[in-house]
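Q: This is what each chain is made of:
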Amino acid sequence: MENALLVGLSRQMALSHELDIVANNIANLNTTGYKADNTLFAQYLMPDARDDDFAGKDRRISFVTDRASWINFAPGAIQRTGNPLDVAIDGNAYLAVQTPRGVRYTRNGALVTNASGQLVTSEGYPVMGDNGPITFQNTDHNVIISQSGIITVQEGNSIGDSQRGRLQLVSFDQQARLEKDGGSTFLAPPGVNPGPPALGVRVVQGAIEKSNVNPVGEMTRMLQITQSYTDIANVLQQQSDQRKNALNQLSQTPASGSA
Amino acid sequence: MRALDTAATGMAAMDLQVQVIAGNIANMTTTGFKSQRAEFQDLLYEHVQRIGAQASDQGNILPVGIELGSGVKTVGTPRLMTQGSLAQTGNPLDVAIQGTGWFKILMPDGTFSYTRDGSFQMDSQGRVVTAEGNLVQPTITVPQGSTGLTVNQQGQVSVTPTGSTTSSILGQFTLTTFINDAGLQANGSNLFTATPASGTPQDGTPGTNGAGTLLQGSLEQSNVEAVTEISNLIAAQRAYEMNSKVVTAADQMLQTTSQLAR
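Residue numbers (the numbering used here), protein chains in the order written: chain H, 1 to 259; chain V, 1 to 262.
In case anyone wonders, no lab produced these hints; they're calculated from the structure.
Treat the hints loosely; a few may be bogus.
Said to hold, decoys possible - Simulated coverage check for chain H against chain V, where a stretch passes if three residues somewhere in it have a Cβ under 8 Å from a Cβ of chain V:
#1 27-37
#2 89-100
#3 111-121
#4 128-135
All values derive from a computational prediction rather than experimental measurement.
Built from N, CA and C at the ideal position, the CB exists for glycine as well.
With the sequences and hints as input, model every part of the structure.
A: Here it is as structure tokens:
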């Protein structure tokens, strides 16, 4: 009798988690380089009763568990900004960023320079080049970032280009295992190793990648969540009413042999 | 319910986005104005079920986990340092910059500010000043009664003095360049100051060292693109609305739950 209540509750808890994830996606509708989260639910089957002596077979009960959230790594739209230090990555690769917590990976290419001329993220963490952080000189101008991430500048009055390094672009063999670490960065857990960028990856200068959240999809999901939540609440209510009725009716049956 | 707080961060971020857009639209016709863009990042994640955790005694590893994000934050409002279109005014002291570089302005407190607004005037002593009366560096003084003021592409200023038929060079406009224009700090009145993020100012002659050239009799319009701003405004407003819908949804779910206990 209590099973319906518990099954319903398991679904409600899963739905509440899902709404949290949808809320986060919608909050990040305009976050550069943001990748949407999705949920994955699974059936959890109660183990059978062990006793084989029952005449009828014990019915298995299935609960809902939120199995996982997975990240949608689909590319976001590329928006032109015209800033020479904004880069968008076209293709499946990441920029490596040196944070105090270790190396993190990001697709947020809204870069700036810091006091010592180093190329850093909006949070001030150095962006890694193939040979460590990329540093500009005071007289550098006309920054050009090539499709393969090579950064060239014109220094002082010289007409020729001088190279300042090359953006370290990495791809992952098991991209799905990347964890979000806040600040639009991803963390590679042990066993997930960064490798050279995939074929066809190119850097687009003067543009940024927008969030890949699909607002229509998220709104639909949200409506479904609230609807299911209410439906289940109704089921629970009916269960409760049913039990109340049963108790009422049973109590009215005259007990045999009492007279 | 976490969704409530998450949606609140989203609403705050979109509120800021609308503020930035409002600033841009208000300055659509401000000479030398550079439009701003709000830059957002996602907040910390709670790992309800960590990726790579042991799933069973047999050493199975969870390929995916449960990550619950907690919303969005604003990291900055960088400016778009693209060239604004040039409008002809015919005023000899209106000077527009084509390309990179900034005019250097001496502030009353002795510090330097930088501007792209080249709508200059002359003060009582014939010195070239901004519309607010601050001196353009290096100081150029136009002698009284002289005619035919010209500014060439390299910034040389020449006039024909009274009683003369040939023009003579009076002075030179310089342009200051920065490694990261977006790192300049805006102080209002079209003026910017250097910050650690912008790099050290590099003074130079227009047309050299990567600096742009000058165009007399024109002004650089604001680089705000009306269509982009309006479409961003619509997007921000809708995003705000969607976040508020999340609040409603979370509220509805809480209400459903509380109604269960009758």
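Q: Run every hint past the structure and note whether it holds.
A: Hint by hint, here is what the structure shows:
1. As drawn, the region 27-37 of chain H meets chain V at 8 residues by the rule of a beta-carbon pair under 8 Å; at three or more, the given contact holds.
2. Restraint check on the region 89-100 of chain H versus chain V: 0 residues with Cβ-Cβ distances below 8 Å, three needed, restraint violated.
3. Given a C-beta distance limit of less than 8 Å, the hint that chain V covers the region 111-121 of chain H holds, as 5 residues qualify and 3 suffice.
4. With 0 residues carrying a beta carbon less than 8 Å from a beta carbon of chain V, the region 128-135 of chain H misses the three-residue requirement, and the given coverage is violated.
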